[in-house]
Amino acid sequence: MAQSSVALKHYQMYINGEFRDSSSGNLITVINPATGEPISTVPSATVDEAREAIDAAYEAQKSWKLVPAATRGQYLHDVATEIRKDSDHLIEMLQEEQGKVKALATTEILFSADYFDYMASASRTYEGEILQSDNANESIMIDKQPIGVAAGILPWNFPFFLIARKMGPALVTGNTIVMKPSTDTPNLGLEFAKIVEKVGIPKGVVNIITGPGAVIGDELSKNKKIGIISLTGSVNSGKRVMAAAATHMAKVSLELGGKAPAIVCKDADIDLAVQSIIDSRVDNNGQLCNNCERVYVQEDIADEFTKKLATKMGEVTVGDPMEHEDIGMGPLINQGALDKVSGMVDRAVKAGGKLETGGHVVKIAKGFFFEPTVISNVKQDSEIVQDEIFGPVLPVLTFKTLDDAINMSNDSDFGLTSSIFTENIDNAMRAARELEDGETYINRFNFEAMNGSHSGWKESGIGGDDGKHGIEEFLNTHVVYLQGHPEKANG
Numbered sequence: 001m002a003q004s005s006v007a008l009k010h011y012q013m014y015i016n017g018e019f020r021d022s023s024s025g026n027l028i029t030v031i032n033p034a035t036g037e038p039i040s041t042v043p044s045a046t047v048d049e050a051r052e053a054i055d056a057a058y059e060a061q062k063s064w065k066l067v068p069a070a071t072r073g074q075y076l077h078d079v080a081t082e083i084r085k086d087s088d089h090l091i092e093m094l095q096e097e098q099g100k101v102k103a104l105a106t107t108e109i110l111f112s113a114d115y116f117d118y119m120a121s122a123s124r125t126y127e128g129e130i131l132q133s134d135n136a137n138e139s140i141m142i143d144k145q146p147i148g149v150a151a152g153i154l155p156w157n158f159p160f161f162l163i164a165r166k167m168g169p170a171l172v173t174g175n176t177i178v179m180k181p182s183t184d185t186p187n188l189g190l191e192f193a194k195i196v197e198k199v200g201i202p203k204g205v206v207n208i209i210t211g212p213g214a215v216i217g218d219e220l221s222k223n224k225k226i227g228i229i230s231l232t233g234s235v236n237s238g239k240r241v242m243a244a245a246a247t248h249m250a251k252v253s254l255e256l257g258g259k260a261p262a263i264v265c266k267d268a269d270i271d272l273a274v275q276s277i278i279d280s281r282v283d284n285n286g287q288l289c290n291n292c293e294r295v296y297v298q299e300d301i302a303d304e305f306t307k308k309l310a311t312k313m314g315e316v317t318v319g320d321p322m323e324h325e326d327i328g329m330g331p332l333i334n335q336g337a338l339d340k341v342s343g344m345v346d347r348a349v350k351a352g353g354k355l356e357t358g359g360h361v362v363k364i365a366k367g368f369f370f371e372p373t374v375i376s377n378v379k380q381d382s383e384i385v386q387d388e389i390f391g392p393v394l395p396v397l398t399f400k401t402l403d404d405a406i407n408m409s410n411d412s413d414f415g416l417t418s419s420i421f422t423e424n425i426d427n428a429m430r431a432a433r434e435l436e437d438g439e440t441y442i443n444r445f446n447f448e449a450m451n452g453s454h455s456g457w458k459e460s461g462i463g464g465d466d467g468k469h470g471i472e473e474f475l476n477t478h479v480v481y482l483q484g485h486p487e488k489a490n491g
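Sequential numbering of the sequence shown, starting at 1, is according to full-length UniProt numbering.
Keep in mind the hints are simulated off the structure, nothing from the lab. One or more hints might be untrue.
[Unchecked claim] Below, in silico cross-link-like pairs of lysine to aspartate or glutamate (EDC-like), each with a Cα-Cα straight-line distance of 16 Å or less:
1. K340 - D387
2. K379 - D346
3. K144 - E129
[Stated by the list, open to error] Label-pair restraints from in silico Cβ distances:
4. T71 - N451: 21 to 27 Å
5. A246 - V215: 18 to 24 Å
6. E127 - K85: 30 to 36 Å
Cβ atoms here follow ideal geometry from the backbone N, Cα and C, with glycine treated the same way.
All chains should be built: construct the whole structure from the sequences, respecting the hints.
If you want it as structure tokens, here you go:
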């Protein structure tokens with residue numbers, strides 16, 4: 001938190017249909033990660049203000065759940081329309097506060113609009129069941145009902161899309177929501193509140209507050225009026241949320257860290273594998289839970305593959321995405337992230353790792369840049385292979401047999417995504433069956449579909465997002481036994 005004497009843009013929280021600052025007067029200063037310079041301030045909310053937002057959502061849900069699902073869906077369609085109308089502005093804001101390259105920033109904003117439309121369409125498709133009864137003249141109906149108030153705790157790496165991913169399924173199914181953007185990237189969330197107001201979503205249905213996770217996130221996790229907490233963030237954050245939610249048995253849906261392995265078999269299309277793995281590593285400047293975090297290449301092709309990988313990785317350009325539209329990669333989010341990535345690489349090299357390309361901090365203004373990096377001669381039990389890097393670094397290991405590759409891939413506390421490159425259908429299907437991850441990509445880069453299912457195994461999370469399974473996360477099951485009069489069962 002900081003009080004700024006510089007005239008910066010200022011954004012307000014959105015609580016119960018009103019834009020407001022915090023009664024504390026405290027501000028959070030937002031930094032452009034490409035320049036290291038401040039760009040805005042946002043309020044740092046108090047616990048009481050978090051409770052106000054929760055209370056507003058709790059009261060609003062009593063009437064929101066009675067609004068026809070198709071009407072709730074129409075609000076989401078209207079949100080999507082407004083996003084597209086204001087897309088140029090939102091894309092620029094996203095680049096400024098998070099450091100995305102222009103192409104990915106454009107994708108995030110427009111994909112979010114599409115996601116709202118997709119979730120809106122669920123208003124006419126999510127459904128219950130009618131079962132046969134053992135009793136005469138009785139129907140058993142399984143009804144799907146909203147949980148109540150949802151808490152959406154958002155990450156900084158996809159600050160706009162995660163609004164859609166949490167708010168879309170929550171609202172269309174009759175829940176209300178309180179969202180907390182990351183303190184690194186709160187601007188877009190508060191700007192999005194203007195769209196909520198413009199389309200006329202009833203007050204209290206959507207609330208957006210800003211502040212430290214230890215204050216606001218903690219209250220969202222332990223408040224008894226919250227029915228479900230949906231968090232995208234670190235494993236440690238997920239564990240804290242889960243512990244707090246357990247005090248009142250709230251449902252949790254947690255998408256946490258990842259350590260995605262990529263297996264490259266000797267029969268793979270090497271050029272395809274190289275490009276797909278690079279795309280899956282430098283995407284979002286290496287800061288994506290889906291990102292390829294470690295590569296296992298079969299010994300027969302290891303030299304050729306590693307050379308091509310290092311050459312292509314070294315060609316990825318780095319710079320300020322707002323200054324260079326065609327840049328390949330932007331900055332890491334903050335100094336802490338840069339120190340973490342740099343430290344992991346340094347320790348790997350000291351332990352015997354060989355830098356094939358990159359490995360160093362890039363000095364551009366006061367930004368937080370790191371070179372795209374390939375490092376070989378690392379061990380399976382090393383920090384850089386076991387711990388999430390969350391930066392543009394690819395450790396490369398070799399394997400003899402597919403057994404070895406699968407075993408090493410599964411030797412991880414994480415289980416979000418994985419990939420395999422092979423022309424052999426037996427290899428592909430075996431990997432799909434045996435890799436211990438929520439998603440496996442075969443001969444393609446790592447990025448999910450909105451109508452699929454995005455969920456982690458092991459410490460990568462609980463619950464999931466997207467598609468019909470993501471919608472189910474925000475629903476309770478209610479069984480109704482409708483018994484007619486037994487004597488009238490036969491007419």
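Right, here's what the structure says about each hint:
Restraint check for K340 and D387: the C-alpha separation of about 11 Å stays at or below 16 Å, so the hint holds. For the proposed pair K379 and D346, the alpha carbon gap of about 15 Å is at most 16 Å, so the pair holds. Among the hinted pairs, K144 with E129 is consistent with the structure: their alpha-carbon atoms are about 9 Å apart, no more than 16 Å. T71 and N451 have their C-beta atoms about 23 Å apart, which keeps the hinted 21 to 27 Å range intact.
For A246 paired with V215, a C-beta distance near 20 Å keeps the hint of 18 to 24 Å intact. For E127 and K85, the hinted distance range of 30 to 36 Å is satisfied, since their beta carbons lie about 32 Å from each other.
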